[in-house]
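From first to last, the protein sequence lines stand for chains A and B. Note that the first sequence covers residues 14 to 472 in this note's numbering. Note that the second sequence covers residues 176 to 457 in this note's numbering.
Possibly wrong hints are sitting among the right ones.
[Stated by the list, open to error] Derived lysine to any residue pairs resembling SDA-like cross-links, with alpha carbons at most 25 Å apart:
id	chain 1	residue 1	chain 2	residue 2
1	B	Lys222	A	Glu271
2	A	Lys466	B	Lys336
3	B	Lys336	B	Gly356
4	B	Lys298	A	Lys276
5	B	Lys304	A	Ser349
6	B	Lys336	A	Ala406
7	B	Lys304	A	Leu354
8	B	Lys304	A	Lys276
9	A	Lys276	B	Tyr218
[Stated by the list, open to error] What follows is a set of in silico ranges between Cβ atoms, one per label pair, in the way DEER data are often shown:
id	chain 1	residue 1	chain 2	residue 2	range
10	A	Ile73	B	Lys222	57 to 65 Å
11	B	Arg400	A	Tyr272	53 to 61 Å
12	A	Thr321	B	Tyr219	55 to 63 Å
13	A	Ser256	B	Arg213	48 to 56 Å
14	A	Tyr268	B	Ala234	52 to 60 Å
15	A	Ala289	B	Tyr219	28 to 36 Å
16	A	Ile212	B	Asp263	38 to 46 Å
17	B	Tyr219	A	Tyr272	15 to 23 Å
18	B	Asp274	A	Ala289	50 to 58 Å
19	A	Ala277	B	Ala234	37 to 45 Å
20	A	Phe32	B	Lys222	48 to 56 Å
None of these hints come from the bench; they were simulated from the model. By construction, the Cβ of each residue, glycine as well, lies at the ideal position given by its N, Cα and C atoms.
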Amino acid sequence: MSLTSILLILLGIALLGSFYAKSHVLKMAGSQVTAMHSLPNHHFAYTFLVTLLPSAIVAIIWSLSEQTVIMNLVVGTFPENIQALPADLMSLTMTKFQNFLNGVVFGEPDPWMVASGEAYVSMVSNSRWGATLVSLILAGLGVYWAVSRIEPQFRARNRVETIIKGFLIVCSIVAILTTIGIVVSVLFESIRFFREISIFEFLFGTHWSPMIAMREDQAGSSGSFGAIPLFTGTLLISAIAMSVAIPVGLMSAIYLSEYANQKARSVLKPLLEILAGIPTVVYGFFAALTVAPFLAQNGASLGLDVSTESALAAGIVMGIMIIPFISSLSDDVINSVPQSLRDAAYGLGATRSETIRQVILPAALPGIVGAVLLAVSRAIGETMIVVMAAGVAARLTANPLESVTTVTVQIVKLLIGDQEFDSPKTMAAFALGLTLLVITLCLNIYALHVVRKYREQYD
Amino acid sequence: MTEATMTNEVVEKTGVDRKVPDQTVGNVYVDEPRMTSRAVDVYYGDKQAIDGVTLDIGAQEVISFIGPSGCGKSTFLRCLNRMNDTIDICRVTGEIALDGQNIYDPSIDVVPLRARVGMVFQKPNPFPKSIYDNIAYGPRIHGLATDKVDLDNIVEESLTKAGLWEEVKDRLEQPGTGLSGGQQQRLCIARAMAVSPEVILMDEPCSALDPIATAKVEELIHELREQYTIVIVTHSMQQAARVSNRTAYFHLGKLVEVGETKQIFTNPTHELTQDYITGRFG
Ligand SMILES: Nc1ncnc2c1ncn2[C@@H]1O[C@H](COP(=O)(O)OP(=O)(O)O)[C@@H](O)[C@H]1O
Ligand SMILES: [Mg+2]
Chain A
14 MSLTSILLIL LGIALLGSFY AKSHVLKMAG SQVTAMHSLP NHHFAYTFLV
64 TLLPSAIVAI IWSLSEQTVI MNLVVGTFPE NIQALPADLM SLTMTKFQNF
114 LNGVVFGEPD PWMVASGEAY VSMVSNSRWG ATLVSLILAG LGVYWAVSRI
164 EPQFRARNRV ETIIKGFLIV CSIVAILTTI GIVVSVLFES IRFFREISIF
214 EFLFGTHWSP MIAMREDQAG SSGSFGAIPL FTGTLLISAI AMSVAIPVGL
264 MSAIYLSEYA NQKARSVLKP LLEILAGIPT VVYGFFAALT VAPFLAQNGA
314 SLGLDVSTES ALAAGIVMGI MIIPFISSLS DDVINSVPQS LRDAAYGLGA
364 TRSETIRQVI LPAALPGIVG AVLLAVSRAI GETMIVVMAA GVAARLTANP
414 LESVTTVTVQ IVKLLIGDQE FDSPKTMAAF ALGLTLLVIT LCLNIYALHV
464 VRKYREQYD
Chain B
176 MTEATMTNEV VEKTGVDRKV PDQTVGNVYV DEPRMTSRAV DVYYGDKQAI
226 DGVTLDIGAQ EVISFIGPSG CGKSTFLRCL NRMNDTIDIC RVTGEIALDG
276 QNIYDPSIDV VPLRARVGMV FQKPNPFPKS IYDNIAYGPR IHGLATDKVD
326 LDNIVEESLT KAGLWEEVKD RLEQPGTGLS GGQQQRLCIA RAMAVSPEVI
376 LMDEPCSALD PIATAKVEEL IHELREQYTI VIVTHSMQQA ARVSNRTAYF
426 HLGKLVEVGE TKQIFTNPTH ELTQDYITGR FG
């Protein structure tokens, strides 16, 4: 039986059992329903959870691990001479066997393969039966266990709360474990990379050309992995983006929270937030097809040499993308400055702009700094706009009119196309990813710290 | 609905109408008023919060506003320095004058007005700045001090008047928010006085304070009455009796009765005032 049908049956059993448990406890309580420790629905929920959770978990784990376990067992049925093959030939044989199982056969299959294939099929069917049987027994035990414990004074509510709490904890642990998993995998690949390329060359080298030639005699046969041009590129574009986003975002936040009346606010705020919903690839072609040519033309008429892919175009558009981020967060921060402080300033005869500059902004500053830092880590991680508008040339320059490249763009470039997963070229992507991760992590931690410190002031 | 209940309702309604008077009981006028209010109505959107209040506020007097919550005491108080301007939906009609000049006249600028009519709020609201900067804030924005020495003098003088100088003179650079609640409220009073106002409005200035701090603030109000006109909203009738010489009783947006504090508390004329004073509703 397939996993889905097993789960449906379990669900049915759980529902039936729960309805039974509920009517059972109501019958036991008789006229004393109000004297029961927990509501009848808590008994229902208790029975449901006790029945469904263990059996469903077992069924799911069983079918997830089925394939691996059976494959290991099947190898045991191979003839001795095949089992004795060296590792690389063995993996080839396994692939062939897999193909055979999937019905892809070239020519006449070996007799041993047919035999093992039959063994495999019977193992799978046994395993399915086993899964069905075990989970059904567990579900039955669950119903039995719950119903035998239930009585009017049974603390079903507390049990249900505990089970739900446990479930929620498991969910959050999954999220945390995923994060840890990502960090660890990136870390290990990076360590492999740093075995071949020294970490100092990577962090402080000024030349980036990660192509390693296929043949020894090809030009530029050895790659070089100095990431400084990428860091400066990222820095340059982020700086341009922030110098667009901070003033515009902050000013709109001030307008929205201090000047706009209710009506204007209810129109403008959602409009501004639409900006945040535009896919970055759309920003990307806005940058590449509208802003960049505009800059190039106007630059030419000013006598400036603006390349068609420039840090400036990418930075400006990225800044526009980040505006709603800053304006929305700053608006929240400014709104949470207590009204009593505004009253105090207005009551002394301060004008609106004096109140904003001298009272509201200083009080909101830590929160605004937090918002800006979060926005910076957003800018550093942004890829699409830069790929499309800033180019891929790793150039060490501070001139915003030239094309530059960023860490994220290089990661994309290293990983698209056919890759060997153990060349330094590919592993460099992980090293770049790790660097990025560390930088944004530090920024985020610092930003959260700043925001939290600010919260403490007024609560 | 039967006819009997309908007539009943009508009777009750007219009964209420008869209770809240169209005309304020008692003498609303004084000789040589500092502020005058004539037929002032205040609306929040469509909702009327103040209805036809006419009242004089004399120079060098302490007048207290009392009444059940929601009757419009704060709303009327905030009209006196146009603090209601900061609320979008609030609309004021009628005339309020300071020294004979209509403060709602379009040619009047609220900045100097609020320097002349200062305000102290219910919850102490010092800026998250140093004690010194809290006091110096008003004089700085109004350009009242010619130099640092001048400013130092204003700060010292205001803190002294507020009875806070001895307590804070050694820690002027520390944040005002670090003071105790009572000290913070006296800091706010000192901050209001630093711009030399003529009138000080206080909206339940002691409601967030403990009894000892309250006593200190009341004592301070007592001393300040020599130099300032003080309008105080209070929930405590004892406080009104202790600090004010005139008392105004508000009910449902109307000014029901005004009179000498002693008379209001010992011999109120209007039925509603009597009910409130004797604690029949609050
Ligand atoms: N900002 C506001 N917006 C709308 N209605 C308000 C506002 N402030 C006060 N009100 C209303 O005006 C009436 C008077 O309020 P208020 O002056 O605060 O009363 P009091 O100070 O006497 O308790 C109340 O009904 C209140 O709901
Ligand atoms: Mg009030």
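Each hint tested on the structure:
1. B:Lys222 with A:Glu271: Between Lys222 of chain B and Glu271 of chain A the Cα gap is close to 24 Å, so the pair holds against 25 Å.
2. A:Lys466 with B:Lys336: Judged against 25 Å, a Cα distance of about 35 Å means the pair is violated.
3. B:Lys336 with B:Gly356: Answer holds: Lys336 of chain B to Gly356 of chain B is near 18 Å, not above 25 Å.
4. B:Lys298 with A:Lys276: Violated: Lys298 of chain B and Lys276 of chain A sit about 30 Å apart, past 25 Å.
5. B:Lys304 with A:Ser349: holds (18 Å)
6. B:Lys336 with A:Ala406: violated (70 Å)
7. B:Lys304 with A:Leu354: holds (11 Å)
8. B:Lys304 with A:Lys276: Roughly 34 Å separates the two Cα atoms, so the pair is violated.
9. A:Lys276 with B:Tyr218: holds (19 Å)
10. A:Ile73 with B:Lys222: 57 to 65 Å: holds (59 Å)
11. B:Arg400 with A:Tyr272: 53 to 61 Å: At 39 Å between Cβs, range violated.
12. A:Thr321 with B:Tyr219: 55 to 63 Å: With a Cβ separation near 58 Å, Thr321 of chain A and Tyr219 of chain B satisfy 55 to 63 Å, so the hint holds.
13. A:Ser256 with B:Arg213: 48 to 56 Å: holds (55 Å)
14. A:Tyr268 with B:Ala234: 52 to 60 Å: violated (42 Å)
15. A:Ala289 with B:Tyr219: 28 to 36 Å: holds (34 Å)
16. A:Ile212 with B:Asp263: 38 to 46 Å: Violated, at about 59 Å.
17. B:Tyr219 with A:Tyr272: 15 to 23 Å: With Cβ atoms ~20 Å apart, the hint holds.
18. B:Asp274 with A:Ala289: 50 to 58 Å: With Cβ atoms ~53 Å apart, the hint holds.
19. A:Ala277 with B:Ala234: 37 to 45 Å: holds (43 Å)
20. A:Phe32 with B:Lys222: 48 to 56 Å: holds (53 Å)
Going down the numbered hints, you'll see the structure goes against 2, 4, 6, 8, 11, 14, 16, while the others check out.
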